[in-house]
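**Q** Using the sequences provided together with the hints, build the complete structure.
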Amino acid sequence: MIKASGITKSFAGKQVLSGIDLDIKAGRIFGLLGPSGAGKTTLIKIITGQMGFDDGEVRVFGKNVKELNGDDKKQIGIMMDNHGIYERFSCADNLKIFADIYGVDHSKIGETLAKVGLSESRRKPAMKLSKGMRARLQLARVLMISPKILFLDEPTSGLDPMTMKYIHKLITDQRDMGCTIFLTTHNMEEAASLCDEVALLNEGKIIERGAPEEICRRYNHQKTINLHLSSGEDIEVIHGMDSAKIISTLMEQGKVETIHSSEPTLETVFIELTGRKIESDEEAKYA
Amino acid sequence: MNKTRSLYKAFSSNLEMPKPNGEKKVKIYNRFGMIAFIGIMLPISILVGYITFVLTDLLFAFNGNAYGLLSELDLISAFAMIFGIPLMFSVLFFSSDLNFLTALPVTPRSLYVARFWHTFRAENVMTSNVLYAIYIGYFVAAVKNTGFAFALNPVAILASIAGLYGALILPLIYCSILALLLMLILRKINRTDIYYHTSLVMFVIFALMFLLSFRGYGRISVMDYIDTMVLSNNDFTNICNFLFPTNYLTTLALTTHNVLPLICSVLIVAALYALSVLVAHLTYRKGLFAAAVIGNKKASRKTVSVKGGHKVLASLVIKEFKVLTRTMTYRMNCVYANLLWPIAAVIFIAEAPKFEFFKVFAYKLKNGDPLSHVILFAVIIAMAFIASGLNSIASTSFTREGVHLDMLKYLPAPLEKQIRAKIIIAVLFTFIPEVLSVAVITLRFGIAYMLPLYILITFLCVLIATIIGTLMDSISPYTVWSDELSALRGNLNCFFNLAAEMVFALIVGGISYGIYLLSSNAVITIAAVSVLLVIAGTAGVLAGLPHVKKNIELLK
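Residue numbers (this note's numbering), protein chains in the order written: chain X, 120 to 406; chain C, 17 to 572.
Derived from the structure by calculation, the hints contain no laboratory data. Heads up, some of the hints might be wrong.
Quick partial rundown of chain C residues pointing at chain X, CB under 7 angstroms, derived from the structure [said to hold, decoys possible]: (1) S22; (2) A26; (3) S28; (4) S29; (5) F110; (6) D113; (7) F116; (8) T118; (9) A119; (10) L120; (11) P121; (12) L298; (13) T299; (14) A308; (15) V496.
Below, computed lysine to aspartate or glutamate pairings styled on EDC-like, alpha-carbon distance capped at 20 angstroms [to be verified]: (16) X:K247 <-> C:D422; (17) X:K247 <-> C:E569; (18) X:K250 <-> C:E432; (19) C:K25 <-> X:E206; (20) X:K342 <-> X:E386; (21) C:K302 <-> X:D295; (22) X:K250 <-> X:D219; (23) X:K247 <-> C:E417; (24) X:K215 <-> C:D113; (25) C:K433 <-> C:D251; (26) X:K144 <-> X:D219; (27) C:K25 <-> X:D219; (28) X:K250 <-> C:E417; (29) C:K302 <-> X:E186; (30) X:K122 <-> X:E382; (31) X:K193 <-> C:D113; (32) X:K267 <-> X:D292; (33) X:K122 <-> X:E176; (34) X:K267 <-> X:E186; (35) X:K247 <-> C:E39; (36) C:K302 <-> X:D174; (37) C:K382 <-> C:E372; (38) C:K25 <-> X:D212; (39) C:K302 <-> X:E176; (40) X:K250 <-> C:D113.
Fair warning: this is a prediction, and the values are worked out from it, not measured in the lab. We put the beta carbon where it would ideally sit given N, CA and C, even for glycine.
**A** Shown next as structure tokens:
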């Protein structure tokens, strides 16, 4: 569905993307993870045709991105920053603008607003919406067009857990309907629970890719089992010849309260690969 | 077509500033509106209409009845062209949502068309009052000289409508084509500052070209000027007839009632507009790619600039300085606009000695004529107030923060300091060019001994004007804008502030003249007004600033 090969991009002599290769299959959720300034938004802009690039090739729907026509673009939904919201317009009028641009019947506006839970706010000006409601309005704008590909740039950044959950549900519903989703996030838990495949981007290069659990398994160098004993003591048992014996002895003695295996998370993998933590754009701004 | 209309509608949603929340604020705003109408729109319209009437009435005797009208249309087109280049650069390439829109199923042509007409509408709002006044002035003179039926011939009416729109539309078309081509040519040069400087160079070239054309005005008397018009020897008009043929053709149709020039004029506009659409079709997308790169570079530069170990107030002043100087729209409209005062002062000094009244005025000043001193004193005061209103720095103090205005309340820096930083920067940007202008004028008039006093007066007036502007913006800052240009153009605070500054200039001028009439003594007049300004400035700092703070704290 989306294929990028050897994408390179520089700004004023500084390379911000270097040899990016991607192959995203239809009907999957692909997550691009990386810290602020890694090049995530630049890559989305390139793939969606908002920005040129120095070298490489991007193909969407099997076509060169530069050759995408209006009909192709009608099948692509893009949600980035606060773009595409006209503050003085009501929620319904905002959608009307994009319904005209995408050639969508106006009858779909009400239906989409209901889908994202904004029916009661349909006449409210966008500037009076809360952050969560704005995110839902943006999502309504892209869902209204029933896209085949959806690009979501940090869709849940700064949102409360309830809205986040709501948006995750809308995203997975879209995937279940066959939509291909390309999202960027700095939230590793979100990526692990939502994405079928992720790529870790650092300083303009993809440093790891694959299914989240597969990546975690790959970096599970020191397999350990953590035990919490009834005495309050925590012990870590390293996988090996004696581990089963130690655990069964403790269990037989009735000393074990909880037991769980300990695999690395995407976050620990990222730290292992780069030596630094992933931080959101907002965290980076105030760091 | 539907898409273009939708985009146009979306862009135009930012054209009008919403009324503030709360009955009290709405009342205050209505009063500001009244002041602006009475203080700016009405006097300017009456003045322009009257000048057109007098000029046209006079020119009827020379059989060149529409030359006055033509000169004024040319002036408007010339100014539209000068200010149109940075405007079209900003509108076509630096609006925040433009890149996002290119990824939608919208052709660059649709995007261009929607942007162009949105800009035309916004600009037309600003100039249409003057244009209406010009045509009303002309028609009154024409009815007086040729009678009702002849003057208001249908072709003349149609020609006036075409002229009214053509005076603005043609320069905007040229500027659009120039901006599109320039962006295309320069996109390979991967340096942000060159894009900005190229636009500035173009601005200066056009400004100089037109200012040089004006030089002829100074050398000639009104009668000579009329002669040059009738004999087609006026350089400025000749250049403009070539650059803006629609002005010439519509005035020709207006006076001769010949429909052919009118048709030609419409066809020329249509052809050039079609050409601009074609250029947009071929180049706009590439230009937007280049602009997207600039946007990214701007963002990274901003991140770097936050660092540094300055003290709080100094850091806040530097932040305001950088916002104004590094944002193209603010730099053009708020910072460079101040340079026009010293330039105007130099041109005035160079050209004015050719006029008899100047020689007399200079002689009187040098010989201590009290009334001349009071007049110059009032002019310096008026300049300071108007300069502060025109540059819109104070009147956009909080507007510039946009939707992040609330951040001011939560920043670890005290709100007073943030307000003080905004005032300091507005005063500096206005005061320094004003002092240069005042220095040029006083030195030329041979009254250098007055310079320290004039510097102090200029400072006080700029300070008072800045506090007025900041206070007005704090009542209801215009925070919901999609690009910086809308923050200035669609902002009623700027317009109201300019009106308020003009009224203040008038009041201070009136007080000066009143005191002079009572005392017949320039020293007493200047001293009394200076004391009043010191009191007003102190009151402004002591009472105005807490009010600004309170307004911002109460903003929801």
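**Q** Each hint: holds or not?
**A** Going down the list of hints, with the structure as the test:
no., hint, result
1, S22, "4 angstroms, holds"
2, A26, "5 angstroms, holds"
3, S28, "10 angstroms, violated"
4, S29, "5 angstroms, holds"
5, F110, "14 angstroms, violated"
6, D113, "5 angstroms, holds"
7, F116, "4 angstroms, holds"
8, T118, "6 angstroms, holds"
9, A119, "4 angstroms, holds"
10, L120, "6 angstroms, holds"
11, P121, "4 angstroms, holds"
12, L298, "15 angstroms, violated"
13, T299, "13 angstroms, violated"
14, A308, "5 angstroms, holds"
15, V496, "4 angstroms, holds"
16, X:K247 <-> C:D422, "14 angstroms, holds"
17, X:K247 <-> C:E569, "19 angstroms, holds"
18, X:K250 <-> C:E432, "29 angstroms, violated"
19, C:K25 <-> X:E206, "13 angstroms, holds"
20, X:K342 <-> X:E386, "17 angstroms, holds"
21, C:K302 <-> X:D295, "37 angstroms, violated"
22, X:K250 <-> X:D219, "25 angstroms, violated"
23, X:K247 <-> C:E417, "18 angstroms, holds"
24, X:K215 <-> C:D113, "17 angstroms, holds"
25, C:K433 <-> C:D251, "52 angstroms, violated"
26, X:K144 <-> X:D219, "30 angstroms, violated"
27, C:K25 <-> X:D219, "11 angstroms, holds"
28, X:K250 <-> C:E417, "18 angstroms, holds"
29, C:K302 <-> X:E186, "14 angstroms, holds"
30, X:K122 <-> X:E382, "31 angstroms, violated"
31, X:K193 <-> C:D113, "18 angstroms, holds"
32, X:K267 <-> X:D292, "13 angstroms, holds"
33, X:K122 <-> X:E176, "8 angstroms, holds"
34, X:K267 <-> X:E186, "17 angstroms, holds"
35, X:K247 <-> C:E39, "19 angstroms, holds"
36, C:K302 <-> X:D174, "16 angstroms, holds"
37, C:K382 <-> C:E372, "16 angstroms, holds"
38, C:K25 <-> X:D212, "10 angstroms, holds"
39, C:K302 <-> X:E176, "17 angstroms, holds"
40, X:K250 <-> C:D113, "19 angstroms, holds"
The structure does not agree with the numbered hints 3, 5, 12, 13, 18, 21, 22, 25, 26, 30 stated previously, though it agrees with the rest.
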